[in-house]
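S.K.: Letter by letter, the chains look like this.
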Amino acid sequence: MIFPEDENILNLIISYDKRNEGFRYLVAKYKEKLYWHIRRMVENHEDADDVLQNTFLKVVKNIEGFQRQSSLFTWLYRIATNESINFLNAKKNKYQESTDVSALQNVTSYESVNETIVLQSLASAIKTLPDKQKLVFNLRYYDELPYQDIADITDTSVGALKASYHLAVKKIEEHIKKNV
Amino acid sequence: MNSDTYEVNKELKDIAPILAELPKNSASEVPTGYFQLVEEQIMRQIFISENVHKSEMQVPEGYFEKLESDVINVVSKNNPNKSSEVKIVLFSNVKLLQYAAAAVLILFVSVWIEFNVNNTNAITEDTTLETSDAYFEYLEDNIDEFDINSLVDHDLIEESDITLITYTEDAVTDDSQYFILESEINF
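Residue numbers (the working numbering), protein chains in the order written: chain A, 3 to 182; chain B, 76 to 262.
Treat the hints as calculated values from the structure; they're not laboratory data. Glycine included, each C-beta is placed from N, C-alpha and C at the ideal position. Any given hint could be a false lead.
[Said to hold, decoys possible] In silico lysine to aspartate or glutamate, EDC-like type, Cα no more than 16 Å apart, as pairs:
#1 Lys172/A to Glu86/B
#2 Lys88/B to Glu48/A
#3 Lys31/A to Glu114/B
#4 Lys99/B to Asp79/B
#5 Lys172/A to Asp89/B
#6 Lys33/A to Asp8/A
#7 Lys99/B to Glu175/A
#8 Lys99/B to Asp8/A
#9 Lys35/A to Asp8/A
#10 Lys88/B to Glu176/A
#11 Lys60/A to Glu125/B
#12 Lys93/A to Asp151/A
#13 Lys35/A to Glu104/B
#14 Lys164/A to Glu114/B
#15 Lys99/B to Glu146/A
#16 Lys99/B to Glu117/A
#17 Lys35/A to Asp145/A
#18 Lys164/A to Glu104/B
#19 Lys31/A to Glu115/B
#20 Lys20/A to Asp8/A
#21 Lys85/B to Asp52/A
#22 Lys33/A to Glu114/B
#23 Lys88/B to Asp8/A
#24 Lys164/A to Glu82/B
#25 Lys63/A to Glu86/B
[Claimed, not checked] Part of the chain B face toward chain A, derived, beta carbon under 7 Å:
#26 Tyr81
#27 Ile90
#28 Glu96
#29 Glu114
#30 Ile117
#31 Gln120
#32 Ser124
#33 Asn126
#34 Val127
Only chain B is shown next, with the shape it has when bound in the complex:
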């Protein structure tokens, strides 16, 4: 019996003699082999807990506290003369930069306007020419006697403008006659 047990029992006898006589062994039951089993379970959990902890990305203790001073030291060693120099930007230089920026901006705007206006004209002309050529080609290939008579009736062309070319049967297979406009038709 150690001193703590003795002291506790003595105290208990003085204030509660009936309670002091009762057995202190716990009446509660524990499964057989529980304490051996639970020790292994706890050790497994400790192992998992420790290894999960280690697998996380870690940095040495106090790394971030030292980082700033370490970087400054390295920079100072590599550039001992320049470390204390501070770059000064004069106000007049700032104004000059503003003018230069404005000039560059104007230049860009001018080039952009010039480029876009010229480009638009070129595209329009090309499109017109292409359309007219295609149109006249279409008319030449597809005009027939009825069309020519209609044009003459409406005084859009004169009979003198028309040259009737008669092809021999040797030269043409399917069609016997083609009317060809010698002059361009102006609508």
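Bound conformation, chain A alone:
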């Protein structure tokens, strides 16, 4: 499915007579990207589902105040990131228990044993990262975002982000070398 440009989606939303159409495009265009971004942070599908729905509701409530100084895409990621962090803070203890289970579920879906071992090692390596480093790693490695977009999402300078990402990648590489 081909989606309209972000600018056109925003114009539909603020036009009021085609507001619902605009929201439909917005949700359809970004639901999967935001889901995976959230899922990588909260790890559990049910939690990711809750956070994703809350994220879109927050977007709807605040869309009138969106100043268009940053791109719609980075604004959505920013809200999704904040929602995920709030969720994790509220459920920190429970989260720690559930991640172990979800990590096992994740790796057993792969047929290749070697690949499974490597991915298990990658998953455990990512967990050892500090929260900010983990967030930066996920946005760069999985979402393949430019540093400037990550800087907009995380309110961090590009220089600090590069350093953070490089550190995270080195740690993970070392972890995989040792465990595989």
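Guided by the hints, dock chain B onto chain A, whose structure is given.
M.R.: For chain B alone, kept in the frame of chain A given last:
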């Protein structure tokens, strides 16, 4: 492969060649049809959220900011000459008002006192009269020979005050005799 992907992969190969070779596809599973389902759920929630928002009582944007100036404009148009006039209350007028208020107060207090004193007397007299009449009526109806003898014995009445009326048996059914006091009894 877009430019961002290329750039990210190139960077990764330089600093972490093993990691760069790993598949990026997420190993996590998502229930079948989840993304279609979640889109409908989100759209339903948006619909509810939007309609709840609309159903609340709302005023046009900037209404209260404009209200004050709008009211002043309307008043100015309706009373163009009076709009700039300010009512001045002189201090001497205030003093006059104070005297008038004091006079009215005195008048009310006087009327209240007069009304209440007279009323109290009237009530007392009426009550006394009513009680005396009822009392003598009771005595006249219920006095008997024993009572009269007691009164005479204690010198409260004299025998000359008493008229004995004897009724014939035709005139009276049950009682044969009634003693009637001709004069009032003064205790």
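S.K.: Have a go at the Glu96/B hint: is there a Cβ in chain A nearer than 7 Å to its own Cβ?
M.R.: Cβ of Glu96/B sits 9 Å from chain A, so the hint is violated.
S.K.: Quick one, are Lys35/A and Asp8/A close enough, alpha carbons at most 16 Å?
M.R.: holds, 15 Å
S.K.: Run the distance test for Lys88/B versus Glu176/A: straight-line Cα separation, threshold 16 Å.
M.R.: holds, 14 Å
S.K.: Take the shortest C-beta to C-beta distance between Ile90/B and chain A; is it under 7 Å?
M.R.: holds, 5 Å
S.K.: For a C-alpha distance cap of 16 Å, please report whether Lys99/B and Glu117/A respect it.
M.R.: holds, 12 Å
S.K.: Next pair to validate is Lys31/A with Glu114/B; report whether the Cα-Cα distance is within 16 Å.
M.R.: holds, 10 Å
S.K.: Can you confirm whether the C-alpha distance between Lys20/A and Asp8/A stays at or below 16 Å?
M.R.: Cα-Cα ~15 Å, so holds.
S.K.: Checking one constraint from the list: CA of Lys35/A to CA of Asp145/A, max 16 Å. Satisfied?
M.R.: holds, 8 Å
S.K.: With a cut-off of 7 Å on the beta carbons, see whether Gln120/B makes it to chain A.
M.R.: Cβ of Gln120/B sits 6 Å from chain A, so the hint holds.
S.K.: Check whether the Cα positions of Lys33/A and Asp8/A lie no farther apart than 16 Å.
M.R.: holds, 14 Å
S.K.: Checking one constraint from the list: CA of Lys60/A to CA of Glu125/B, max 16 Å. Satisfied?
M.R.: Holds, at roughly 12 Å.
S.K.: Quick one, are Lys33/A and Glu114/B close enough, alpha carbons at most 16 Å?
M.R.: holds, 7 Å
The structure is inconsistent with the numbered hints 2, 8, 12, 14, 18, 21, 23, 25, 26, 28, 33 and 34, although it conforms to all the rest.
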